[in-house]
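J.: Now for the letters of each chain:
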Amino acid sequence: MIPILFGITLISFAVIHMAPGKPTDLVTQLNPKVSMEAREKLNKIHGLDKPLYVQYLDWIKKIGRLDFGKSFADSRPVIDKIAERLPITLLINVLSIFIIFIVSIPVGIKSALRKGAPFDKISTVAVFIGFAIPSFWLALLLISFFGVHLGILPVSGIVSLDFEKLNLLQKIFDLSRHLILPVFVLSIGGIAGFSRYMRQSMLSVEHQDYIRTARAKGLPEKEVIYRHALKNALLPIITILGLSIPALLSGSVIVEKVFSIPGMGLLMFESVFMRDYNVIMGILIVSAFLTLLGNLLADIAYVYADPRIRYEK
Amino acid sequence: METCPRSNNETCPRPTRGDAFVVGNIGDARTLIPILASDSPSSYIVALVFSGLVKYDTNVELTGDLAESWDIEDEGLAIVFHLRKNVRWHDGHPFTAEDVKFTYEKLIDPAVPTPYGGDFKMIDRLEIPDAFTVKVIYKEPFSPGLTSWHMPIMPKHLLENESFVTTKFARAPVGTGPYKFKRWKSGERIDLVANEDYFEHAPYIDRYIYRVIPDQATLFLELETEGIDLMSLEPIQFKKLTDTRFFKKRFKKFKYPFFGYTYMAYNLKDEKFKDKRVRQALNYAVNKQELIEGVLFGLGRISAGQFVPESWAYNEDVKPYPFDPEKAKTVLAECGWQDTDGDDWIDKDGKNFEFTILTNQGNDMRLKTAEIIQRRLKDIGIKVDIRVLEWAVFINEFVDKKRFEAIMMGWGLGREPDCFDIFHSSKTGPGEFNFVSYSNPELDALLVAGRRTFDKEKRKQIYHKVQKILYDDQPYMFLYVPDSLVAVHSRFENVKPSAIGIGYNFIDWWVPKAKQRYRY
Numbered sequence: 000m001i002p003i004l005f006g007i008t009l010i011s012f013a014v015i016h017m018a019p020g021k022p023t024d025l026v027t028q029l030n031p032k033v034s035m036e037a038r039e040k041l042n043k044i045h046g047l048d049k050p051l052y053v054q055y056l057d058w059i060k061k062i063g064r065l066d067f068g069k070s071f072a073d074s075r076p077v078i079d080k081i082a083e084r085l086p087i088t089l090l091i092n093v094l095s096i097f098i099i100f101i102v103s104i105p106v107g108i109k110s111a112l113r114k115g116a117p118f119d120k121i122s123t124v125a126v127f128i129g130f131a132i133p134s135f136w137l138a139l140l141l142i143s144f145f146g147v148h149l150g151i152l153p154v155s156g157i158v159s160l161d162f163e164k165l166n167l168l169q170k171i172f173d174l175s176r177h178l179i180l181p182v183f184v185l186s187i188g189g190i191a192g193f194s195r196y197m198r199q200s201m202l203s204v205e206h207q208d209y210i211r212t213a214r215a216k217g218l219p220e221k222e223v224i225y226r227h228a229l230k231n232a233l234l235p236i237i238t239i240l241g242l243s244i245p246a247l248l249s250g251s252v253i254v255e256k257v258f259s260i261p262g263m264g265l266l267m268f269e270s271v272f273m274r275d276y277n278v279i280m281g282i283l284i285v286s287a288f289l290t291l292l293g294n295l296l297a298d299i300a301y302v303y304a305d306p307r308i309r310y311e312k
Numbered sequence: 000m001e002t003c004p005r006s007n008n009e010t011c012p013r014p015t016r017g018d019a020f021v022v023g024n025i026g027d028a029r030t031l032i033p034i035l036a037s038d039s040p041s042s043y044i045v046a047l048v049f050s051g052l053v054k055y056d057t058n059v060e061l062t063g064d065l066a067e068s069w070d071i072e073d074e075g076l077a078i079v080f081h082l083r084k085n086v087r088w089h090d091g092h093p094f095t096a097e098d099v100k101f102t103y104e105k106l107i108d109p110a111v112p113t114p115y116g117g118d119f120k121m122i123d124r125l126e127i128p129d130a131f132t133v134k135v136i137y138k139e140p141f142s143p144g145l146t147s148w149h150m151p152i153m154p155k156h157l158l159e160n161e162s163f164v165t166t167k168f169a170r171a172p173v174g175t176g177p178y179k180f181k182r183w184k185s186g187e188r189i190d191l192v193a194n195e196d197y198f199e200h201a202p203y204i205d206r207y208i209y210r211v212i213p214d215q216a217t218l219f220l221e222l223e224t225e226g227i228d229l230m231s232l233e234p235i236q237f238k239k240l241t242d243t244r245f246f247k248k249r250f251k252k253f254k255y256p257f258f259g260y261t262y263m264a265y266n267l268k269d270e271k272f273k274d275k276r277v278r279q280a281l282n283y284a285v286n287k288q289e290l291i292e293g294v295l296f297g298l299g300r301i302s303a304g305q306f307v308p309e310s311w312a313y314n315e316d317v318k319p320y321p322f323d324p325e326k327a328k329t330v331l332a333e334c335g336w337q338d339t340d341g342d343d344w345i346d347k348d349g350k351n352f353e354f355t356i357l358t359n360q361g362n363d364m365r366l367k368t369a370e371i372i373q374r375r376l377k378d379i380g381i382k383v384d385i386r387v388l389e390w391a392v393f394i395n396e397f398v399d400k401k402r403f404e405a406i407m408m409g410w411g412l413g414r415e416p417d418c419f420d421i422f423h424s425s426k427t428g429p430g431e432f433n434f435v436s437y438s439n440p441e442l443d444a445l446l447v448a449g450r451r452t453f454d455k456e457k458r459k460q461i462y463h464k465v466q467k468i469l470y471d472d473q474p475y476m477f478l479y480v481p482d483s484l485v486a487v488h489s490r491f492e493n494v495k496p497s498a499i500g501i502g503y504n505f506i507d508w509w510v511p512k513a514k515q516r517y518r519y
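So the sequences go chain by chain: A and B. Take the first sequence: its position 249, counted from the start at 1, is 248 in numbering that gives the first Met the number 0, and no numbers get skipped. Take the second sequence: its position 63, counted from the start at 1, is 62 in numbering that gives the first Met the number 0, and no numbers get skipped.
Hints are computed from structural coordinates only; laboratory data are not their basis. Ideal Cβ placement from N, Cα and C applies to all residues, glycine included. It cannot be assumed that every hint is accurate.
[As the list claims (entries may be wrong)] Simulated pairs of lysine-lysine, DSS-like, Cα-Cα distance not exceeding 30 Å: (1) B:K120 / A:K49; (2) B:K401 / A:K49; (3) B:K167 / A:K164; (4) B:K254 / B:K401; (5) B:K273 / A:K164; (6) A:K43 / B:K155; (7) B:K273 / A:K40; (8) B:K238 / B:K254; (9) A:K170 / B:K184; (10) B:K247 / B:K268; (11) B:K377 / B:K367; (12) B:K181 / A:K69; (13) A:K43 / B:K401; (14) B:K273 / B:K382; (15) B:K268 / B:K377; (16) A:K69 / B:K167; (17) B:K238 / B:K367; (18) A:K49 / B:K400; (19) B:K377 / B:K347; (20) A:K40 / B:K100; (21) B:K181 / A:K164; (22) B:K514 / A:K40; (23) B:K100 / A:K60; (24) B:K138 / A:K43; (25) B:K514 / A:K170; (26) B:K155 / A:K40.
[Unchecked claim] The following residues of chain B were derived to be distant from chain A, with all beta-carbon distances above 10 Å: (27) L76; (28) K134; (29) Y197; (30) A332; (31) D346; (32) E492.
Given the sequences, and given the hints that come with them, work out the whole structure.
T.: Set out below in structure tokens:
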């Protein structure tokens with residue numbers, strides 16, 4: 000795991016630094032009041048005048064001490080910037096995974112059981128639409144409809160302007176109203192994908208011998224499906240869900256931007272444009288860690304879904 | 000305070016206090032240390048929390064802010080500022096000349112990463128004879144120096160022992176301005192509250208809330224639902240999207256002059272563009288009015304060179320070239336550019352006249368402008384390609400390294416007409432602003448003289464000549480001055496756009512009690 004993380008940082012560091020531009024550019028470029036000396040001074044202060052490998056070694060040494068460095072944009076510790084942005088990103092991602100799970104599994108099962116029936120056909124079409132829709136466009140349409148036309152949901156942000164004055168119950172209600180659209184948009188691609196996987200997985204399980212056996216010994220259909228077929232069909236889904244965390248995180252970049260959610264995705268977006276190297280690298284490490292965590296959770300979930308797997312000494 | 004118009008015999012509505020003003024913008028502030036704040040969100044907030052020594056009035060004349068008055072002494076070598084007394088920082092500490100001296104010292108401190116040191120490097124020394132007098136002595140007379148003192152002054156007592164790189168002050172500033180800092184939620188909002196003790200008078204609007212809404216489209220939807228009270232509009236939003244009954248009832252739209260212009264710059268090292276007659280011909284071939292109609296929906300004016308009409312440096316006698324493609328063709332033919340091989344493109348020494356316009360991604364108006372120019376130049380036999388590049392790539396790889404034939408860009412200008420850095424022949428190094436490599440000894444001399452002269456009438460004459468020479472030389476194809484367009488919620492009274500923008504009298508804006516939307 001450590002070598003993988005090392006490789007990730009090396010490649011990301013190189014790619015980010017190869018892109019033209021420096022963190023100090025936005026401050027200094029095309030501002031006639033900024034002199035050349037000021038520009039060189041800024042580069043020196045931030046250590047950007049050193050050779051690239053020296054910059055990388057400096058950075059990796061600091062990471063060894065869990066020091067993510069400071070943001071070039073505002074000199075704040077990167078770890079603080081990520082810490083204040085991470086909770087909301089985690090919240091919308093966890094909610095999305097939950098929604099993806101509870102919607103796509105029943106849809107997948109239903110289409111698999113009645114393969115070719117109207118429900119299957121409709122859901123197939125819906126899935127392809129869900130796949131094809133660009134999420135920023137869908138987000139804007141939904142805001143325009145629910146926020147502007149009907150005026151029943153907020154347009155952007157995560158809380159209202161008068162959030163502080165609300166009591167706890169009102170706060171929860173306010174937050175939920177703000178989260179409906181972002182979580183929906185973030186889930187839509189996942190629902191489309193996972194209901195397909197689920198359908199496929201269910202179809203392949205249905206023709207197994209043990210299902211025929213279960214039916215032959217006269218078990219009720221419900222029991223056949225939910226106890227015997229479903230458990231086996233879920234295994235590949237868990238694997239894929241564990242692996243899909245990077246996709247969700249990158250999806251939240253777009254969702255956070257359109258809905259003005261001050262999360263980690265938005266921080267990433269801003270940092271890339273500012274070439275704020277330390278913040279970008281910090282977010283990459285956090286995302287890599289979350290992905291590994293997702294895989295670990297998937298492994299644990301296996302234990303429950305598949306009695307054959309036991310992590311024992 | 001603004002008074003009622005005389006003609007109005009009805010009882011004058013008395014401004015009432017209260018309510019909040021919510022602004023939406025696509026970016027968050029980065030730092031609220033004034034001398035480090037270089038991005039526009041940070042500058043908005045800094046302008047409300049801090050004050051400088053001088054500021055501009057609605058006639059674009061310098062007037063006192065923290066300084067009550069000033070004298071120019073020793074034939075322009077020294078400026079003496081007389082400061083306001085009884086001004087207090089937001090924490091109650093009195094403001095004195097020590098704070099000005101401290102701010103100056105930080106501006107020239109090599110350990111402080113400020114981008115604004117340039118103008119202050121011209122200062123020889125700064126003296127404070129007493130607590131409310133500041134004497135600035137320059138190495139040589141430097142008239143743009145006076146304007147540079149609009150630089151917000153920082154409190155010495157809070158920052159003396161702080162490092163500017165790590166200080167908490169960057170996210171919790173204390174100033175002398177009309178609004179006090181309250182809190183900052185990163186990436187979400189910044190709250191300011193009215194400063195009851197502001198030295199002009201307490202602002203009427205209690206709160207100023209700055210919301211970060213990173214997406215342009217979302218920002219507009221927020222405006223439509225009255226989630227924000229002010230937004231800068233694009234021409235199409237101003238003309239079409241806000242032209243609804245619903246919108247007109249809730250918002251007032253304003254347009255005021257923008258201090259800046261859009262241009263197409265030539266690389267003057269390029270053989271094709273070396274002859275100024277060729278550059279003039281290209282200007283004749285482009286219909287500037289058509290650009291304004293097509294790109295700005297009529298919301299702009301034709302540029303007549305470096306200065307905008309509101310500037311005192313603007314020379315009325317410089318007239319933009321008319322649209323005259325026939326004349327363009329004749330002049331180009333005189334310079335040897337003619338279609339000799341019958342392929343519809345004009346050529347010289349066997350080479351067709353073709354070039355590429357580079358511009359940056361994300362600026363639709365520049366791209367459209369380039370496309371219209373492309374078509375107009377095709378009419379006179381010049382082949383134009385357009386290439387759009389990401390900002391950082393555009394600047395680093397092409398502009399700074401002078402690897403371009405022509406670029407489409409814009410300048411946002413200050414009120415001070417000094418343009419030494421943009422057009423003086425000594426400013427052509429990599430990354431400097433004379434990236435077109437323009438050089439004209441006569442103009443060089445005028446730019447130096449303009450910096451050394453304080454007398455406004457004399458400066459006026461100098462900059463009038465500067466404008467005439469620049470327009471005649473056409474180092475850029477000067478295109479248009481766009482209007483600044485903004486929508487403000489209609490409940491706000493006393494919003495009066497002027498030559499210096501719309502926010503200058505923000506402390507006099509107010510909302511009648513019945514229309515107030517937020518209570519605190």
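J.: For each hint, tell me whether it holds in the structure or not.
T.: Do the hints match the structure? See the list:
no.: 1; hint: B:K120 / A:K49; in the structure: 27 Å, holds
no.: 2; hint: B:K401 / A:K49; in the structure: 25 Å, holds
no.: 3; hint: B:K167 / A:K164; in the structure: 27 Å, holds
no.: 4; hint: B:K254 / B:K401; in the structure: 36 Å, violated
no.: 5; hint: B:K273 / A:K164; in the structure: 66 Å, violated
no.: 6; hint: A:K43 / B:K155; in the structure: 26 Å, holds
no.: 7; hint: B:K273 / A:K40; in the structure: 35 Å, violated
no.: 8; hint: B:K238 / B:K254; in the structure: 11 Å, holds
no.: 9; hint: A:K170 / B:K184; in the structure: 17 Å, holds
no.: 10; hint: B:K247 / B:K268; in the structure: 51 Å, violated
no.: 11; hint: B:K377 / B:K367; in the structure: 15 Å, holds
no.: 12; hint: B:K181 / A:K69; in the structure: 24 Å, holds
no.: 13; hint: A:K43 / B:K401; in the structure: 24 Å, holds
no.: 14; hint: B:K273 / B:K382; in the structure: 18 Å, holds
no.: 15; hint: B:K268 / B:K377; in the structure: 23 Å, holds
no.: 16; hint: A:K69 / B:K167; in the structure: 14 Å, holds
no.: 17; hint: B:K238 / B:K367; in the structure: 17 Å, holds
no.: 18; hint: A:K49 / B:K400; in the structure: 21 Å, holds
no.: 19; hint: B:K377 / B:K347; in the structure: 16 Å, holds
no.: 20; hint: A:K40 / B:K100; in the structure: 22 Å, holds
no.: 21; hint: B:K181 / A:K164; in the structure: 16 Å, holds
no.: 22; hint: B:K514 / A:K40; in the structure: 51 Å, violated
no.: 23; hint: B:K100 / A:K60; in the structure: 40 Å, violated
no.: 24; hint: B:K138 / A:K43; in the structure: 28 Å, holds
no.: 25; hint: B:K514 / A:K170; in the structure: 26 Å, holds
no.: 26; hint: B:K155 / A:K40; in the structure: 24 Å, holds
no.: 27; hint: L76; in the structure: 22 Å, holds
no.: 28; hint: K134; in the structure: 24 Å, holds
no.: 29; hint: Y197; in the structure: 24 Å, holds
no.: 30; hint: A332; in the structure: 37 Å, holds
no.: 31; hint: D346; in the structure: 35 Å, holds
no.: 32; hint: E492; in the structure: 22 Å, holds
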